[in-house]
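K.L.:
The lines below spell out each chain.
There are 4 protein chains.
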Amino acid sequence: MTHQLESIPPIDYQQLIETIYHETKHLAQLGKVADYIPALARVNPDLFGLSVVTQEGKLHYAGDHEVPFSIQSVSKLFTFTLAFSHLGSSIWNRLDREPSGTSFNSLIQLEYEHGIPRNPFINAGAIVVADLLLDLCKDPLESLLSFIQELSGNNQVNYNEDVAESERLTGHRNFALAHFMKSFRNIHNPVEKVLDIYFHQCAIEMNTDSLAQSVSFLVHNGINPLNGKTVLNPSQAKRLKALMLTTGLYNESGDFAFRVGMPAKSGVGGGIVALIPDVLSIAGFSPALNEKGNSIACIEAMERFTTYSGKSIF
Amino acid sequence: MTHQLESIPPIDYQQLIETIYHETKHLAQLGKVADYIPALARVNPDLFGLSVVTQEGKLHYAGDHEVPFSIQSVSKLFTFTLAFSHLGSSIWNRLDREPSGTSFNSLIQLEYEHGIPRNPFINAGAIVVADLLLDLCKDPLESLLSFIQELSGNNQVNYNEDVAESERLTGHRNFALAHFMKSFRNIHNPVEKVLDIYFHQCAIEMNTDSLAQSVSFLVHNGINPLNGKTVLNPSQAKRLKALMLTTGLYNESGDFAFRVGMPAKSGVGGGIVALIPDVLSIAGFSPALNEKGNSIACIEAMERFTTYSGKSIF
Amino acid sequence: MTHQLESIPPIDYQQLIETIYHETKHLAQLGKVADYIPALARVNPDLFGLSVVTQEGKLHYAGDHEVPFSIQSVSKLFTFTLAFSHLGSSIWNRLDREPSGTSFNSLIQLEYEHGIPRNPFINAGAIVVADLLLDLCKDPLESLLSFIQELSGNNQVNYNEDVAESERLTGHRNFALAHFMKSFRNIHNPVEKVLDIYFHQCAIEMNTDSLAQSVSFLVHNGINPLNGKTVLNPSQAKRLKALMLTTGLYNESGDFAFRVGMPAKSGVGGGIVALIPDVLSIAGFSPALNEKGNSIACIEAMERFTTYSGKSIF
Amino acid sequence: MTHQLESIPPIDYQQLIETIYHETKHLAQLGKVADYIPALARVNPDLFGLSVVTQEGKLHYAGDHEVPFSIQSVSKLFTFTLAFSHLGSSIWNRLDREPSGTSFNSLIQLEYEHGIPRNPFINAGAIVVADLLLDLCKDPLESLLSFIQELSGNNQVNYNEDVAESERLTGHRNFALAHFMKSFRNIHNPVEKVLDIYFHQCAIEMNTDSLAQSVSFLVHNGINPLNGKTVLNPSQAKRLKALMLTTGLYNESGDFAFRVGMPAKSGVGGGIVALIPDVLSIAGFSPALNEKGNSIACIEAMERFTTYSGKSIF
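Chains A, B, C and D supply the protein sequences, listed in that same order. 611 is the number of the first residue of the first sequence in my numbering; add one for each residue after it. 611 is the number of the first residue of the second sequence in my numbering; add one for each residue after it. 611 is the number of the first residue of the third sequence in my numbering; add one for each residue after it. 611 is the number of the first residue of the fourth sequence in my numbering; add one for each residue after it.
Just so you know, the hints here were simulated from the structure itself, not pulled from any lab data. Yeah, the Cβ is synthetic: ideal placement off N, Cα and C, and Gly gets one too. There may be inaccurate statements among the hints.
As the list claims (entries may be wrong) - In silico lysine to aspartate or glutamate, EDC-like type, Cα no more than 20 angstroms apart, as pairs:
1) Lys803/A - Glu802/C
2) Lys803/B - Glu802/D
3) Lys902/D - Asp706/C
4) Lys635/D - Glu676/D
5) Lys902/B - Glu913/B
6) Lys921/C - Asp806/D
Claimed, not checked - Covered stretches of chain B, as calculated for chain D (at least 3 residues, CB under 8 angstroms):
7) 778-785
8) 789-797
The shape of chain A in the complex, shown without the other chains (with noise of 0.2 angstroms):
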């Protein structure tokens, strides 16, 4: 740190955010709503919410940051912390750590690298983690709500189970990456139980405070400031979070890095969670998405985050 940076005055976040929620709100009419399912083709496109929730473990927020939504893709985030906690490096026997390069739910990549999904972040991969989870759980559902509701700090998290009657009617691609990843004896256990936890984990709902709350523990080095628990060691917490960088919003992910500068997680459901080492969390919530599946105004908003700030990783 220079002295010139010491001198600066702290940045008030909630100012901020404030201010970038009332810059971005109207980004929301430039996309659209996932309508794949009817439940996510009902939400309210003008929803928007974001949460600050700082290292001192101070919360900030503008707009609908109470509002629950289904947090879709941002659960491989729990997913596969859970797993790794359990797993450590062994989990890379059955997953790669690259960058895909193509979009979430393609097969291509899978057949040329005989059912080895490139990370745990496309849904491949997640499909992997959920069958690694069925292995390592005895009612992995009932963990996996326990240890989202322990790192957010709420007990209210929960899934919506039309939601997942409603991923699971309309899953054919993932039943399709399934039983593909099976055919290289790259799943264990039955496809209908494998992708029950994973249509499942799609429908967990909370809201932005939750949200930013919930990866508090990257934010300091992998304990959860909220019980001091360890999640995971410093060095596993680093790879996660380098992970978050390079594929958390699927083929977007270098563009994002470009731009916003976090590691992050995004979901179909409008969702974005991301956040800086050693100094904050942020959760934003806008359902309407771009081409490549991800909430514009969210995007815009983390960009203006950082920008504003002066704070990123880089």
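With chain A fixed as given, assemble chains B, C and D onto it according to the hints.
P.N.:
Here is chains B, C and D on its own, set in the frame of chain A:
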């Protein structure tokens, strides 16, 4: 920053890199020196140098830190910076900024994406940058050399004409890439002229001291600390560092981010340069490569560097 | 026809296939019996049968011509013919008719081509045909069996339920293909029902005598010579033979056309059936396969057949 | 042959092609003349010629059968025949013989298959053949011209130097293919020399009368009927015809076999040549192309030819 972290005594970087140098030197035996041109094949595989330049401008080193080597693809960092400083974001009309997911010289993705390279750090992207430099500079090779000499503070940095000529004679894949992009109208100058720039940039020689110094402007948010000149503005510097993290080591970028956690750029000459913003830059040179074309000993040394020091961008 | 050709004495097909049988029998040792299901893995690799049915309806044979075997993908010829006879050219709304250039169970091309299979003789195409039969026939399995029994003049042709069940238990790749096409809305019925047809058709058993007879309708321009009924009109018959020539042996089709020069269809059970319009049909069975999944001894026998007889479509 | 067929009166080919000429002439308006070089873009799109040469050597024609045109990729048939007649089956060390499944100038498959072209009738394959001719002939362009003049019985067949030069100036994709294969060591001579052959062969000009005559050797099982010389032995001739059927019209080969049922070769100049063994050869010329680069009117004319005459290879 918390109180606890501030009370940690300052790291002795000189001792740290000496320790790491001795721990990792033997790893060179696991790799294979690039042999596609005689000039590279002849390099002594036992050479190993490490240099660190801190934010304050202090130089630390170990091993063969004064031996010049062929920087090869590390030069893509300099040509891109030079073009980016002239063109700003309009450069993205000709290039994308996503991880490629494939090998450094693949034509497959280029065909699917109609001649637009995935990023400036794969061969195709660097060839487009060379084409841009031909339009931007009266004498691109002269401009590039001055640029690197100024960044590194070393007037001895120069082209090795024998290497450049060898690159040309064996560069069939690069000729293919350039003609292929020209068929998509994404190369504007004659292929021979464009590749003359490209083959020369690969043949630039410098040592690890100079290489570590030459990226100090990225430690300093875009400003060359040697002369106070702005190379890139802070936003551009942030973006370039993000690009290095997601794409700097070809299709090993994700793994390097994961293991090491620093923005970096590598070359088949055995060099890697990396940095932590506001903290330091580091360069390594060891000619023996893994199967993805990156220096085995340098990657291991840098992983230990971030692990032992507890410093990385994550 | 020139005078010289007319003066050639008629070919003694019985002697010809006996000669070829003895010349090629040992080749089975170069291949490998399909082992993905136990029922196929157990087949005696030394079995080898050849049957010819001439245009006049004369049957010639050698070896194990009366041993029933699992026709596997040869069944795609019958399901396609049945659907084509009902739908005519409207069938091409759901299928293409180009060589695939890739392996029989690849998903890659299917993704690039949005769920439309390249042709009816790769797995994806046959699964679409099964889906069509579910819409066309009240009891597709019953209709298919009657159809084949009528073509072959053999009421003993039947499904092997053990094989069908084994196919289902190991058919992860086919489940993946079906779900994948369903995600593109190119499968209309439930995947389980569609694949039940598909796994049963693979499990049809017949011998080479019956198999050679069953394609006599293609020797006779679309008319079943056993009962005079029109199976396909002449234009449809021509088109089906063209399709067999360009796509009947997966990505070995070009090579088979090149070496043998007859429209044909193969299966991993070791069967191949082929024909020369207006001249004869020929069926072979030898379980040992090459790496492309086609019977080694049968291909060699058929190449000798067209070379020795001087007859082919070219 | 059945009794019924033998009693059919001989076909009046002259009347048949006149009828078809008038029925299909207007179809040229549905296509688009190749415009990648000025010399082709300037061709009158209303030109339409058809010529048939029967097994007995009788010539029939309609329309612009005497207007020379640029045969473009049809020349691949002649260069391959010339090289195949010298090398026999050893030619397959450098080339494969399977349908490509992709566009005529794709590099994708070439990368997956390590620089071995799928077949001699895509650009990459023809470039390898040109490389072979450089090793086989003292003066390849002279040898090729003599060869075609002898096959067609027309000494006026010649190169159009303006077209050859235009091909060179716009041939970036072909330069890319050649350099790419050279990087896999599947081009032995300098790229410039190889492509000089290739660009010249594309620039050969002849009319449909000569073109139909020039493939008569394939109607006659490999023997040039004009002089009795053996061009290919019967086995080679059979194989070449199979190759034409499966790969002669790029990725429209399957469809052409399906609709027309004759071995054929097309070019973007608007020419197509096809044949029925022991019966006749046919050539057409109409410059307007479909989106796969084949002449619309010629394909339709040939489909009607086989449908009306009831003659095809199937």
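K.L.:
Next pair to validate is Lys902/B with Glu913/B; report whether the Cα-Cα distance is within 20 angstroms.
P.N.:
The given pair, whose Cα atoms are some 17 angstroms apart, holds under the 20 angstroms limit.
K.L.:
Confirm or reject the coverage of the region 778-785 of chain B by chain D under the rule of 3 or more residues with a beta carbon closer than 8 angstroms to the chain's beta carbons.
P.N.:
As far as the region 778-785 of chain B goes, the hint holds, because 3 residues have Cβ atoms under 8 angstroms from chain D.
K.L.:
Given the proposed pairing of Lys803/B with Glu802/D, does the C-alpha separation stay at or below 20 angstroms?
P.N.:
Within the cut-off at roughly 17 angstroms; holds.
K.L.:
Would you check the hint for Lys635/D and Glu676/D, treating anything up to 20 angstroms between C-alpha atoms as holding?
P.N.:
holds (16 angstroms)
K.L.:
For the pair supplied as a hint, Lys921/C and Asp806/D, confirm whether the alpha-carbon distance does not exceed 20 angstroms.
P.N.:
violated (40 angstroms)
K.L.:
Under the criterion that the straight-line Cα-Cα distance not exceed 20 angstroms, is the pair Lys803/A, Glu802/C satisfied?
P.N.:
holds (17 angstroms)
K.L.:
For a C-alpha distance cap of 20 angstroms, please report whether Lys902/D and Asp706/C respect it.
P.N.:
holds (15 angstroms)
K.L.:
With a cut-off of 8 angstroms between beta carbons, are at least three residues of the region 789-797 of chain B near chain D?
P.N.:
Per the Cβ count (4), the hint holds.
Comparing the model with each earlier hint shows a violation of hint 6 alone; every other hint is respected.
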